[in-house]
Amino acid sequence: MLWNAIIFGPENTPFEDGTFKLTIQFTEEYPNKPPCVKFVSKMFHPNIYADGGICLDILQNRWSPTYDVASILTSIQSLLDEPNPNSPANSHAALLYTENRREYDRRVGSIVEESWKQ
Amino acid sequence: MSATVSEKGDAPAGKQPDQLFTLKRWNAVAVWSWDVECDTCAICRVQVMDACLRCQADNKQEGCVVVWGECNHSFHNCCMSLWVEQNNRCPLCQKEWVIQGTGK
Chain A
1 MLWNAIIFGP ENTPFEDGTF KLTIQFTEEY PNKPPCVKFV SKMFHPNIYA DGGICLDILQ
61 NRWSPTYDVA SILTSIQSLL DEPNPNSPAN SHAALLYTEN RREYDRRVGS IVEESWKQ
Chain B
1 MSATVSEKGD APAGKQPDQL FTLKRWNAVA VWSWDVECDT CAICRVQVMD ACLRCQADNK
61 QEGCVVVWGE CNHSFHNCCM SLWVEQNNRC PLCQKEWVIQ GTGK
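As they're listed, the protein sequences go chains A and B.
Position 86, counted from 1, in the first sequence is what full-length UniProt numbering calls 86; the numbers after and before it change by one each time, with no gaps.
Position 93, counted from 1, in the second sequence is what full-length UniProt numbering calls 93; the numbers after and before it change by one each time, with no gaps.
Hints in this document: simulated from the structure, not taken from any laboratory.
The structure displayed is predicted, hence computed values, not measured ones.
Some clues are possibly wrong.
Said to hold, decoys possible - Once the Cα atoms are required to be at most 30 Å apart in a straight line, the calculated DSSO-like pairs of lysine-lysine come out as:
| hint | chain 1 | residue 1 | chain 2 | residue 2 |
| --- | --- | --- | --- | --- |
| 1 | A | Lys21 | A | Lys42 |
| 2 | A | Lys33 | B | Lys24 |
| 3 | A | Lys21 | A | Lys38 |
| 4 | A | Lys21 | A | Lys33 |
| 5 | A | Lys117 | B | Lys104 |
| 6 | A | Lys38 | A | Lys117 |
| 7 | A | Lys117 | A | Lys42 |
| 8 | A | Lys33 | B | Lys95 |
| 9 | B | Lys60 | B | Lys104 |
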């Protein structure tokens, strides 16, 4: 089963005003196994792969069958402004996040604008 | 409130002139609940005293029992046995899952 979702970029962060589209692919084993969640919108974030895949512990080894769609989306929304640069899925974004925050914010700003077009 | 209640339900009225009323009948009301922390299965979101979602769909309500762990969290036994194949931890508190009991 495939669901479509939208996450709004959290206020007072570089992701503010973004409307980021995602897909959530459930298997028959849900909720014993996590669904596969991917961004469809282009992203620029230390923990999001180029193909939209998300590196988030609760979607992998820390999954619990008590999580529902709302809690997954809320966790991803908070990941946007609280990246973990120690396990980068996008090393360029991770580098800019730690060493050049202005350029990081600018790159995020451009994917926010791109999110309105799709 | 300044009423005095007679201690015996059938106490004869009038012996104590300051007695405002006599208690003639008690209606005891008992309420029960499971002696566990949660009564909704956090895996399938159905109350643990009802059959789990899967058993309801398969019309196997009879055999669907509750299981509770040493952490006092409870789930449907069916839901929990599928989860522990993935990870032997309580889905709510992440403690190692040790069964305290099962029952209806």
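For which of the previously enumerated hints does the structure constitute a violation, in increasing order of number? 2 and 5
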